[in-house]
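2 protein chains.
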Amino acid sequence: MSKVKVLGFSVSLDGFGAGTNQDLENPLGIRGHELHSWMVRTKKFQKIIGKDGGMEGIDNEFTENSFVNVGAHIIGRNMFGPIRGQWKDEEWKGWWGEDPPFHTPVFVLTHYPRNPIEMKGGTTFYFVSDGVKEALDAAKKLAGGKDIRVGGGVSTIRQFLQSGYIDEIHLAFSPIFLGQGGNLFTGIDFQKLGFTKINKINGEGATHITLTRV
Amino acid sequence: MSKVKVLGFSVSLDGFGAGTNQDLENPLGIRGHELHSWMVRTKKFQKIIGKDGGMEGIDNEFTENSFVNVGAHIIGRNMFGPIRGQWKDEEWKGWWGEDPPFHTPVFVLTHYPRNPIEMKGGTTFYFVSDGVKEALDAAKKLAGGKDIRVGGGVSTIRQFLQSGYIDEIHLAFSPIFLGQGGNLFTGIDFQKLGFTKINKINGEGATHITLTRV
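Same order as they appear, the protein sequences are chains D and F. Mapping of the first sequence onto our numbering: residues 1 to 214, in sequence order. Mapping of the second sequence onto our numbering: residues 1 to 214, in sequence order.
With the rest of the complex left out, here is chain D (with noise of 0.2 Å):
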C-alpha cells in the first residue's frame, strides 16, 4: 500500500532542522549544511552528484533507502527556492540544475500559482496553490502506487504531520546544536499524533530515529 513518508530528514539535538536566513548562498540556511554532513559523506549522495566514493556502512544504508519505492515528492516552497512571494518570471527551476535528484513528479506548495516545469531525468515540477490535502491528492494520483515522500522543509513537514498525513518519519539527529531556526518538535507530541512504534540505530555521523503510526 502506497504510504506517506518523511525520509532521512536531518535535525540538530535541539531540534531545528534548517538554520535561519535562507538566501542563494546558504540554501539551508547559516549552518544547515553542518545538519547533512552525515549524508554528503555518503556513497549515494556521492554518486547523485556524480562522483566516485564517498562511505558505505549505515548512514549510507539510510540515504539509499530515502530513495526507495518514492513515486512522488512534496516539497515546501523554501525547499525549491529562496524566492518569496510572487514568482517573477519562469527563471528559478530549483536549485539543482536541468537533471534534479528526484525522478519523480515533484509537488511544491506554494500560495503562488505557477505552470509546471518538465526537467530532465523524469523530474516535473507542479506547484500546487490550494492546500496541503490537495496537494498530497495530487501526488497519489501520480505515484504509481508508490510511497508519497514528503521532503521538507521544517513546516512542511509540521503541516503534514498536524493534519495526520504521516504513516513514517526517519529523522537523522546530528550531533549539533543550532540554537535558532525551524524548530521542528514545538507543539509536535508524537505519541498523540499515533506514533508509538520507535527505532533506534546508531549510524556513523547521525543517530537515526524512525517513528511509525501502528
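The set of hints was computed from the structure by calculation and includes no laboratory data. Please note: incorrect hints may appear among the correct ones.
So the derived list for chain D, only partly shown, Cβ under 7 Å to chain F, looks like this [what the hints assert, rightly or not]:
#	residue
1	Phe127
2	Phe190
3	Asn202
Here the structure is a predicted model, which means the values were calculated and not measured. For glycine and all other residues, C-beta sits at the position ideal for the given N, C-alpha and C.
Following the hints, put chain F in place on chain D, whose structure we already have.
Coordinates of chain F only, in the frame set by chain D:
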C-alpha cells in the same frame, strides 16, 4: 579548578527533561521515568539503591562519572519534593529516605526559607531563597575545591545556563518523545553561550552528548 557541571541529565529526543504533573506517585512527572531507564539498569545505579547486578558498559561509566569529584549539589525545589508554596511543616526530607545518594551539601533553590536538614551519609540540605548566584556562592564555599553539580530539574538548569554559570553539561538522550513537559532547549542557544566543543558517545540505552565551554 572547581567547575560547575550538569552530569547525567536525561532528555527526550524532543528536548524534555521531565514529564508533566509531578506528584508523589510520579516524582519525575508522567512518563518521566522512561527518560532514566538507561541509568536505572546500570551497575552503579543498582549499587546506589543497595542492589547487586546491573549492567556495565558505557551507560554505567557515565553514571559513575556523574558522582566523581562532586563537592556540592544544587537542585530545584521540585527535584527536592512535590510540595509547592510554603513549607507546612518540617516533615518532607526529600524523595530519597534517610541516606540520600548525594553525600555532599545539597543546596535547594526555593522561594521559602527553611532550616537546614542533616541526613545520614554526609548529605545536608540547605535551602537558598535569595537566588541562583547566592546558591552557587554558598555551594562553592562548602565544596572543598571540588566541582559543583547542578542536578536539575529543567528550570534550574536553564537558569544556570542562561546566567552563564555552567562550564560543562552532559546530556543523555533517551530514545523517546514526550511531547510535553519541561523543555530544556527552548530559547537556549548553546553556541552563543560559548559551548563550542561537543562530544558524542553512543551508550547502550542513551546517546551521551557532552558540551564544554572553551
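Against the structure, the hints come out as follows:
no. : hint   : in the structure
1   : Phe127 : 32 Å, violated
2   : Phe190 : 4 Å, holds
3   : Asn202 : 5 Å, holds
Checked against the numbered hints above, the structure violates only hint 1.
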